[in-house]
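Spelled out, the chains give:
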Amino acid sequence: MATAENKNAAAGQGPQPGATQGFVYLPLIAGWLVPGAGHFLLRKWGRGALLAASILGMFGLGLAMQGKLYSNAHDILDILGLAGDLGNGLLYIFSRMLGLGADQVQVTTADYGTRFIVVAGLLNVIAAVDAHNLRTGRKA
Amino acid sequence: MTHFAAVLLFALFASIVFGITQRETPRRMIRYGIYCFVLFAGAAVALSWLMFLIAR
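Protein chains in written order, with this note's numbering: chain A, 3 to 142; chain B, 68 to 123.
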């Protein structure tokens, strides 16, 4: 029985031969930890660079606007914010280690910055899932 | 940074990711990215006018 990957390969649309070997979840995990890395592993250089620039740009702007990095989960909104922040992978971890981001939102732009950081994490998850779909042949 | 600049940057970055991840061919990615950007920015402008008129 032909898999989606085989069909795509036959049609010349699937991932390149070298990119289909190895651990199937590697692009997903790499894409989560480092924005764009999942696409780079699959040799989708242009897409990976654009995704990395967009997510890094949004995360950086969020920090520049004194956005808050969620560190604990006291209520449901904090839990959702923390989940979004964790989507940034290593960016979130290193930023926490370096003490970046505001502890409290004190100005209006800091509220926007907090949303920028959360949305950057959510977009990074979408990008990582896209890399996984490319890896499995679900997407050309 | 003005609030409108923040809206445009948000729309730009989100539209790029949506375009790349939600469509398969480069041409359709670009078209969908532009479509998302116009919707993001247009909705922000329309809602801003709506709130301005309500507040009068």
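Simulated from the structure, these hints should not be mistaken for laboratory data.
All C-beta atoms in this analysis are idealised placements derived from N, C-alpha and C, irrespective of residue type, glycine included.
Be a bit skeptical, because a hint or two may be false.
Pulled from the structure, derived: some chain A residues nowhere near chain B, Cβ distances all over 12 angstroms [stated by the list, open to error]:
no. : residue
1   : LEU58
2   : GLY59
3   : ILE78
4   : THR111
5   : VAL121
6   : LEU124
If the Cβ cut is set under 8 angstroms, some of the chain B residues that face chain A in the computed set are [unchecked claim]:
no. : residue
7   : VAL84
8   : VAL112
9   : SER115
Status of ILE78/A, Cβ more than 12 angstroms from any chain B Cβ = Per Cβ check, ILE78/A is outside 12 angstroms of chain B; nearest 24 angstroms; holds.
Is the Cβ of GLY59/A farther than 12 angstroms from every Cβ of chain B?
-> violated, 6 angstroms
Was LEU58/A rightly flagged as not at the interface, with every chain B Cβ beyond 12 angstroms?
-> violated, 9 angstroms
How about SER115/B: closest beta carbon in chain A under 8 angstroms, or not?
-> Because about 15 angstroms separates SER115/B from the closest Cβ in chain A, which is outside the 8 angstroms limit, the hint is violated.
Are all beta-carbon distances from VAL121/A to chain B longer than 12 angstroms?
-> violated, 7 angstroms
Status of the VAL84/B interface restraint (C-beta, 8 angstroms, chain A) | OK, holds: VAL84/B within 8 angstroms of chain A, min 4 angstroms.
Examine each Cβ of chain B, and state whether all of them lie more than 12 angstroms from the Cβ of LEU124/A.
-> The claim breaks: LEU124/A does not keep its Cβ more than 12 angstroms from every Cβ of chain B (closest is about 9 angstroms).
Distance rule for THR111/A, whose beta carbon must clear each one in chain B by more than 12 angstroms = violated, 7 angstroms
If you take the shortest Cβ to Cβ gap from VAL112/B to chain A, is it below 8 angstroms?
-> violated, 17 angstroms
Of the numbered hints stated above, those contradicted by the structure are hints 1, 2, 4, 5, 6, 8, 9, listed in ascending order.
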